[in-house]
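Undergrad: Heads up: the protein sequence lines correspond to chains A and B, in order. Heads up, the first sequence is in the working numbering, so the first residue is 1 and it goes up one at a time. Heads up, the second sequence is in the working numbering, so the first residue is 1 and it goes up one at a time.
Among the hints, erroneous ones may be present.
[Unchecked claim] In silico contact screen, one side only, chain A against chain B (beta carbon under 7 Å); selected entries:
1. 45
2. 135
3. 136
4. 138
5. 140
6. 172
7. 177
8. 180
9. 230
10. 368
11. 369
12. 370
[As the list claims (entries may be wrong)] Straight line, CA to CA, 30 Å or less: simulated DSSO-like cross-link-like pairs of lysine-lysine:
13. A:86 with A:108
14. B:42 with B:487
15. B:487 with B:407
16. B:516 with A:168
17. A:108 with B:294
18. A:70 with B:294
19. B:526 with B:550
20. A:59 with A:99
21. B:38 with B:516
22. B:349 with B:42
23. B:487 with B:38
24. B:550 with A:168
25. B:526 with B:516
26. B:349 with B:294
27. A:86 with B:294
28. A:108 with A:168
29. B:550 with A:214
In short, the hints are calculated from the structure, not lab data. On a predicted model such as this, the values are computed, not experimentally measured, just so you know. Every residue gets a Cβ at the ideal spot worked out from N, C-alpha and C, and that includes glycine.
Here is how the chains run, residue by residue.
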Amino acid sequence: MKTTLNSLTLAAGMVLLFSLAGATGVRAAETATNDLPLPFPLIDRFENFQIKDGLPTHKAHCVLRASDGKLWVGTYNGALVREDGKFRRIGVEDGLSHKMVLCMVEDKRTGDMWIGTMRGLNRYSAGHITTYLQTTSGLPNNVIYGLDIMDDTLWVATAAGLGSLNLKTGEWAIYDQSNTVMHEPWVYAVKGAKDRIFVGVWGGGILEYELSNKIFKEHRDPDRDFHYELVHDAGPVSDITSWIAWEDDILWQGTYFGMSRYDGSRWRTWQEKKSPLISNFVNFIWPHGRVAWVGTDRGISVTDGNTWATYRTNEKGEGIVEIARPGRPVETRTMSTKLPNDFVLGIWVDDQEAWFATSDGLSHAIFAAPPKPTKVADAK
Amino acid sequence: MKKRVLVILLVLTGLAGVALWLRQNYWTDHMLRMSHQKNLAKVTCFNCHLVSTDRLRWAQPRPHHDAPAGLAVSPDGKKIYIALDDRDEVAEADTASRQVLRRAKVAGRPFGLALDAAGKNLFVTCRDGDRLAVLDTQTLSETGSVPVGMAPVAVAFCRTAAGDRLVVANSMSDDISVLSVSPLQELGRPSAGRDPFAVAITPDGTRAFIANRLVSLATGHTIPASEITEIDPMTARTARRETLDSAHQSEGICAVPSRPWMLAPLVKVRNLVPITQVANGWVMSSGLAVTDIKTGNVIQMPLDEANNYFADPSGIVVDPAGRRAFVASGGGDVVTVVDLERLAGWLEKADPAAKREAVYDMSLAPEYVTARIPTERNPKQLALSPDGGTLFVAERLADSILVVDAKSVAAQGRIVLGDGGLNDPIRRGEKVFTKAGFTFQNQFSCRSCHPDGHVDGLSYDFDTSGIGDNLLDNRSLMGVAGTEPFKWNGKNPTLEVQCGPRFARVLMRTDPIPQKELLDLTTYIKSLPPHRVATRSADGTLTPSQERGKAIFFATKTPGGQEIPHERRCSTCHRPPLYSVRLSFDVGTGGMFDTPHLLGVAASAPYLHDGRAQSLEELWTIYNPNDQHGVSSYMNKIQLNDLVDYLKTL
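The shape of chain A in the complex, shown without the other chains (with noise of 0.2 Å):
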C-alpha cells in the first residue's frame, strides 16, 4: 500500500513536474521560434489603396512594379499607373481594348508594357497603346490570361491556345490542340525559364516546351483527380492548373485544388488541412528566389516549402500572421494592419517591398526590420 501510495505520489509528482516542464517548454519553445530567423521576411503594416484612394474599381488583378520604378496595377476598369504618388488610369478612352485588365508584362530593354484584357492585347508604348485583336492580327484569342517575354517573342496565354509572337519579325504562331499534347484549350499561364517555356493549361496540367528542340512535353496530375490528391509529390496536384510562376529553377504550379512546386526532377504538392497552406483556391504565385508568395482567396501565404508565413483576417475581423516551422506549434500574431480583402489575385514581390492586387484594392507591404543577429559579446 505504502510502496502503491509512493507510486502514486510519484506518478502524480511526475506529472506535475512533466506538466510544469511541458508548459515551460511551450514558452521555451516561442520564445525560441521568434528568435529563429524565416527564410523571407515579415511583413510589419500593410498600406492600402481602395476607391477612396484613387482606385477607379474595387477589384485589382495584377500589379508589378516597372524597370523605370513606376508601378503599374490591373484593374476591372483599367489600367493604372503610379506616379507622384497618384494613380493615372488608362481606359478604353485612351485606346486599351477593353476596360478589364487580367495580366502584363514589360519588355524590360524597350520599356514597353503589354497589357492582356478580357478582349485583346495592348502594346503600351511611350503612352501609345497598338491593339492586337483576334480578328486583328495572329492572336490566337482575345482573352488574355498570361504574359511572359522571352528574347524576341511575346508568349500570350489565351482561352484558346498559346500564341507567341516575334517581336522583330511580327510572326505569330500558336499552340493548341490541334497541334501539340495540350488536352484543353484554355491557358492561363505561361512563363518562360532559360531555355524552355511552361504552360499552364486549365484542366491539362503543365506543358513545358523545349524551345530549341520545339518538342512539347505533358506534366499531368498522376491521379487525374481533380480533388483529392491520392498520389503525393508525385506530379502536378491537379490537372486545374490556375497559374504557373518560375524563378531560379523552381517551378510553381498553382490550382484550385492546391499548389506544387517542380525542381526539374522532383514534385512536391501541397493541399490545405494537409500542409499549412491556408486554401486549396491558389489565384497566382510569385516566386522570388526560392520563396513563393501564395495569392489565395483566404489569404497570402509565403513559403520557401518547408516554413511557411500567412497573413489573413481572422474570424474577429483582425489582419494575422500565422507562422508555421516544420515540427512546431503554429505561431500567431496580431497585426495593427491587414489586407484590404483576403481575395488575393496578384502579387510583386522584391527585395524591400510587396504589393498584392485583392478584389478590393492594392496593398502595399512592408517588411519589418530583419531581427538585429546576436551580438558576439552576449553569446560569451
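Starting from the known structure of chain A, fit chain B onto it as the hints suggest.
TA: Frame of chain A, contents of chain B only:
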C-alpha cells in the same frame, strides 16, 4: 494544183468550223464557268493562261544611275561622302574642288550615312542588305557589318555616358536598331511608328528622335496621324511617342542647337475631304513640325505659299548657330530657307489657338521663310559643312550635289556624279513621277501619294457628294505592270489611260501630262518591282506554316472534304503568277471591284477598296461574313494564320 488548194480550203474550213463549234459548245462555257463573269466582253484566255512575269518590265534588267542618297561631311569640312544606292557604292568627294576622289563598293544598296565624332568611321545603312556597314575613311573600305532591321535608311551617331551609339531607322520593319559602336552590335530594337525614315539626336546625346513616313494604321474615317518616336540611345528604351495629326511623309528630322527644338518636314494631308476644292491646301500642303524636346509638344507650321506649293519636303539641316533651317522640296526643286529666329518670334507672340491653326494659314510662311534656293531635279538629302558655311544638296534625279554658300544662299557649283540618265526612259519617267509641276500650283506629285512607288497607307475621298462618302484605298504601284485594268472599278485599260487626261482633270487640275512624258512615266511605273517583304526567303523555301497556308490558298476542298465552289477559291481570282486574273468580282464589300494583285501584299495595308481592313486577318475575320471573299468560315485560327503567313511571302 487546184485540187491541193481545194483540200487546204476544206481543211481550213473544217478547222474554223471546229473552232466555232468549240467556241459555241466549249470555250464560251469554259470562260463563263471559269471567269464567273456575266459578260465575256472583257475576258480573254490571257486572263488565266499564258501569263508570265518574266516578260514584265520590272523583271527586265534596267540601267543604274549615280543617284545621291545620304550625305555626310567630314569634321574638317574637306570631304563629303555620298551614298549611291543604285550603284551599290559610296563616293568620296573633295568639297573645295567639287571632284569625286574615289568610290567604294558597298553591297546591299547603301543609303543612309553618318560619321563618328573623329570622322574615322563612316556608318552606312544598306537598304536592301538589311545591315549596317562600317567603312574606314582612310581606306574607304568596309571594316565591319552588323545585321539590323529591314530596309535601314537612316543612321545617326551619338556619344552617351555608356559609350558611342548608332541609331538606325529600319523603314520596312517599322523599328529602330540601337547599336553600340565598340563592339559593333545591336543592343535593342524598339518599335517605331510606320516606315521610320530619319533619325536625329539631341545636342546632349540623351535622346534620339525618329521621323516616320507613314501614318499609323487606323480605320478609314479616323483622322490619320504619323508619329515621331523618341528613344534613349543609351538604353534603347522608348521614351515618348508624339503624333503628327493629319500629317505624314516626314523624311527628315534635325535638332536645333540653340533651342529645345526638333524640326521635321511633313505633308499636311486632307484625305477625308472630297477632292473638289483647289485652294487653301487642297489635297495636301507642306509643313514643318516643331517639337519641343522638353515637353514633346508639337506645333505644325506651313512652308507653302497661298498660290505656290513646294511639294514633297524631304531632307532638313539646321546651321550650327541654330538660326536657319534648310528644307529640301523634292517635288518643287527648291530648298526652302527658314529663319528660325523669326519663327521663334512668331511662336512667342501666338496664342495656343493661333499655333493650332497655323499650318492651315497659307499666308503665314513669308513671316519666316526668307529664301527658296532653286535646284536641279528632286533635291532630297541635305548636309552642312561643320562651320555651317556650305550647304550640300543631293539632287537625286540629276546625279549631282549642288554646293551652296549657306550665308548668301548662292549656288557655287556642283559635284557631278553622273549624267542624269537622260537616255533612260525609266529615269525620265521617275522625273515626271516626282515632279509637282504637273499639278495645279505645284501642290503635289505622283510620289506624294506613292512614296517610292508604293502606298501612303491612306484612303482618299474621291466623291463630291459629301465628306468621307467615297473613300478609296490608295493602291501600290509596285508590281502593277501587267495587272491592267486599273482603278478599283477596273475602268482604265492601261496605265496611259490611268495617268492620262481624265486623271489630270480630276486630280491634277491642270493640263494633262504631255504624251512623251506620259510614256516615260508609265515606263517608270512598269519598272517598279513588287514590294520586298520580310518573310519571303531568298531561295523561295517556305516555312511549315507558309506551306500549310499555300495548301489553303490553292485548296479545292475544305479539310472536311467539302468541295469549295470554284468562284470562292483564293486561286480562282488571285491566280498566279500575278495573283490576279484582272477581272472584277463582288466579294461582299458593296459592289464589283477590280482584283488587286498580291505581289508584296504584306506591305500594302490597309486592304479592300475603301481601306476598311487594317490587316490581312481582318479580310476574313471581319469582312467576309458570307464566305464571298473565299470560303474561310471553316478555318480555325491556326489555319488563318497559316494562310496569312503564306500571303506574306508573295
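Undergrad: If a hint holds in the structure, say so; if it doesn't, say that too.
TA: How the hints compare with the structure:
1. 45: This interface hint is violated because 34 Å lies over the 7 Å limit.
2. 135: 4 Å, holds
3. 136: 5 Å, holds
4. 138: Holds: closest Cβ of chain B sits about 5 Å from residue 138 of chain A, inside 7 Å.
5. 140: 5 Å, holds
6. 172: 5 Å, holds
7. 177: Check failed: Cβ of residue 177 of chain A comes no nearer than 10 Å to chain B, outside 7 Å.
8. 180: For residue 180 of chain A, the interface hint is violated, since the closest Cβ of chain B sits about 11 Å away, which is over 7 Å.
9. 230: 36 Å, violated
10. 368: 35 Å, violated
11. 369: 34 Å, violated
12. 370: 33 Å, violated
13. A:86 with A:108: Judged against 30 Å, a Cα distance of about 23 Å means the pair holds.
14. B:42 with B:487: 15 Å, holds
15. B:487 with B:407: It is violated: about 48 Å lies between the C-alpha atoms, which goes past 30 Å.
16. B:516 with A:168: 45 Å, violated
17. A:108 with B:294: Holds: residue 108 of chain A and residue 294 of chain B sit about 24 Å apart, inside 30 Å.
18. A:70 with B:294: Status holds; Cα separation ~20 Å.
19. B:526 with B:550: 27 Å, holds
20. A:59 with A:99: 12 Å, holds
21. B:38 with B:516: 38 Å, violated
22. B:349 with B:42: Violated - the C-alpha atoms of residue 42 of chain B and residue 349 of chain B are around 63 Å apart, more than 30 Å.
23. B:487 with B:38: 20 Å, holds
24. B:550 with A:168: 23 Å, holds
25. B:526 with B:516: 16 Å, holds
26. B:349 with B:294: 20 Å, holds
27. A:86 with B:294: The given pair, whose Cα atoms are some 22 Å apart, holds under the 30 Å limit.
28. A:108 with A:168: 15 Å, holds
29. B:550 with A:214: 22 Å, holds
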